[in-house]
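Starting from the structure of chain A, add chain B where the hints point.
From first to last, the protein sequence lines are chains A and B.
Residue 137 in the numbering used here sits at position 137 of the first sequence, and the numbers go up by one each step.
Residue 138 in the numbering used here sits at position 138 of the second sequence, and the numbers go up by one each step.
In short, the hints are calculated from the structure, not lab data.
Every residue, glycine too, gets a C-beta built ideally from N, C-alpha and C.
Keep in mind that the hints are not guaranteed to be accurate.
Stated by the list, open to error - One side of the interface only, derived from the structure: several residues of chain B facing chain A at Cβ under 8 Å:
1. Ile17
2. Leu139
3. Ser202
Claimed, not checked - Stretch-level coverage of chain A by chain B, calculated; a stretch enters the list once three of its residues show a Cβ under 8 Å from a Cβ in chain B:
4. 63-73
5. 176-185
6. 198-210
Said to hold, decoys possible - Capping the alpha-carbon separation at 20 Å, the derived lysine to aspartate or glutamate pairs in DMTMM-like fashion look like this:
7. A/Lys191 <-> B/Glu96
8. A/Lys92 <-> B/Glu96
9. B/Lys47 <-> B/Glu117
10. A/Lys45 <-> A/Glu127
11. A/Lys22 <-> A/Glu127
12. A/Lys92 <-> A/Glu218
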Amino acid sequence: MDFELMINSLPKLLNATFITLKLLTASLIFGLFIGLFFAIIRLNKNPIINKFAYVYSYVFRGTPLLVQIFIIYFGLGQIEYLRSTALWVILKEPYWCAIIAFSLNTGAYTSEILRSAFQTIKPGMIEAGQSLGISSKIIFYKIQIPIAIRQSLPAYGNEIILMMKGTSLASTVTLMDLTGVAKYIISTTFKPIEVFIVAGGIYLFMTFIIHNVIKFLEKKYSY
Amino acid sequence: MELLSFGKTGWGDELLIATMMTIAVSITAMFIGFLFALIFTPLKLSKSKFLNLIGNSYTTVIRGVPELLVIYLFFFGGSGAVMYVASIFGYNEYIEINAFITGSFAIGIISGAYSTEVFRGAIQSIDKGQFEASKVLGLKKPVHFFKVIMPQMLRLAIPNLSNVWQITLKDTSLISVTGLVEIMRQSYIAAGSTRDPLFFYSFAAVLYLMLTYFSMKLINKLEVRYSRGY
Numbered sequence: 001m002d003f004e005l006m007i008n009s010l011p012k013l014l015n016a017t018f019i020t021l022k023l024l025t026a027s028l029i030f031g032l033f034i035g036l037f038f039a040i041i042r043l044n045k046n047p048i049i050n051k052f053a054y055v056y057s058y059v060f061r062g063t064p065l066l067v068q069i070f071i072i073y074f075g076l077g078q079i080e081y082l083r084s085t086a087l088w089v090i091l092k093e094p095y096w097c098a099i100i101a102f103s104l105n106t107g108a109y110t111s112e113i114l115r116s117a118f119q120t121i122k123p124g125m126i127e128a129g130q131s132l133g134i135s136s137k138i139i140f141y142k143i144q145i146p147i148a149i150r151q152s153l154p155a156y157g158n159e160i161i162l163m164m165k166g167t168s169l170a171s172t173v174t175l176m177d178l179t180g181v182a183k184y185i186i187s188t189t190f191k192p193i194e195v196f197i198v199a200g201g202i203y204l205f206m207t208f209i210i211h212n213v214i215k216f217l218e219k220k221y222s223y
Numbered sequence: 001m002e003l004l005s006f007g008k009t010g011w012g013d014e015l016l017i018a019t020m021m022t023i024a025v026s027i028t029a030m031f032i033g034f035l036f037a038l039i040f041t042p043l044k045l046s047k048s049k050f051l052n053l054i055g056n057s058y059t060t061v062i063r064g065v066p067e068l069l070v071i072y073l074f075f076f077g078g079s080g081a082v083m084y085v086a087s088i089f090g091y092n093e094y095i096e097i098n099a100f101i102t103g104s105f106a107i108g109i110i111s112g113a114y115s116t117e118v119f120r121g122a123i124q125s126i127d128k129g130q131f132e133a134s135k136v137l138g139l140k141k142p143v144h145f146f147k148v149i150m151p152q153m154l155r156l157a158i159p160n161l162s163n164v165w166q167i168t169l170k171d172t173s174l175i176s177v178t179g180l181v182e183i184m185r186q187s188y189i190a191a192g193s194t195r196d197p198l199f200f201y202s203f204a205a206v207l208y209l210m211l212t213y214f215s216m217k218l219i220n221k222l223e224v225r226y227s228r229g230y
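Here chain A stands alone, though its shape is the one from the complex (with noise of 0.2 Å):
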């Protein structure tokens, strides 16, 4: 064992446990709005509508995460009329293309968890909602979403533990994340187990403040 590695390692990897945790902060955002998005349409009447929110949900959790980044980094650069408009500044660096991928996958899976905790609602409660006189809108928005969140916060959490362990592929993009890092170490000293050992307990710690914020959260917000 090693130890003298460890130390040293140490805080090059808590560097690049920032970007890993911006890319998470970043991709969870925006994934939250997304999946929202693609949650409501899910529930519309319109079959064409919902029918499209599904394909999304199911092509983004039917295939890996790293094709989704690869498709999106090296394969959009292809297009050449996306290289002449504006969108090419944000697509041709790493970084961004990697919280595209995230986001849209984190995305599908929010949507998924947030579509089933909106019907799990109790139609009673909406039905009070209505006999109360209270507009629909308002029934949607001090109603249904906050009993919805609730509903999926430990879903959720799960989906925030399993997007901090796929930002780990944006090292698969040249991006040096707590991962990138950790494999670029073990490639110059040969020494996988106490690399490992580092960035394991980093990661791992994160996963345990993460669970137990969630589990606050559901305490704080049961009924």
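Just chain B, lined up with the frame of chain A:
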């Protein structure tokens, strides 16, 4: 379309073989995962605190650390570990482990952690009376497990195992980093030599979608079979 033709001019046959490889790795990994689950599920359910701790550390660590990191550990550390064990037995030559074995082992350990959780949940949700009844009837331990607990556990576990299968199937794309020629690696090679990444990665996505779609169909049939009588 001619990019997908068979023979020397197209990539059709290569991608077909790569798909077979993905299926082979997924099945091997799933099987290795079952072996791990067979060891760790009893540990998690055991009354001993110490055994519990071992079982829990396995599932917590593996499920809390990115798959890619585990794969790097095996990829860079695998042959070193094997060589170390071999040197104890007096064999000092260089040993290189094949990418298929490293890959399926790494994915297998990950899949095993998920399977362990599924089996634990399934066993815990079997009615307590079933355990007591087979004890009262004086059934031998193996008979009790294989004839009473296992069939009920499988019925409860299959829907969740199908999720584990999906995760495992998608995780195999990550072992392309070790150089094993499965769907992702083959698409990478094809994309590099034809300069058409958009087409090949999209095609890879379609292949994965087909794999997940058809395996779901198959698992649904299994589910129906195992829930006969309920």
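Results for each hint:
no. : hint                 : in the structure
1   : Ile17                : violated, 18 Å
2   : Leu139               : violated, 37 Å
3   : Ser202               : holds, 6 Å
4   : 63-73                : holds (count 8)
5   : 176-185              : holds (count 3)
6   : 198-210              : holds (count 6)
7   : A/Lys191 <-> B/Glu96 : holds, 17 Å
8   : A/Lys92 <-> B/Glu96  : violated, 38 Å
9   : B/Lys47 <-> B/Glu117 : holds, 17 Å
10  : A/Lys45 <-> A/Glu127 : holds, 19 Å
11  : A/Lys22 <-> A/Glu127 : violated, 42 Å
12  : A/Lys92 <-> A/Glu218 : violated, 40 Å
Going down the numbered hints, you'll see the structure goes against 1, 2, 8, 11, 12, while the others check out.
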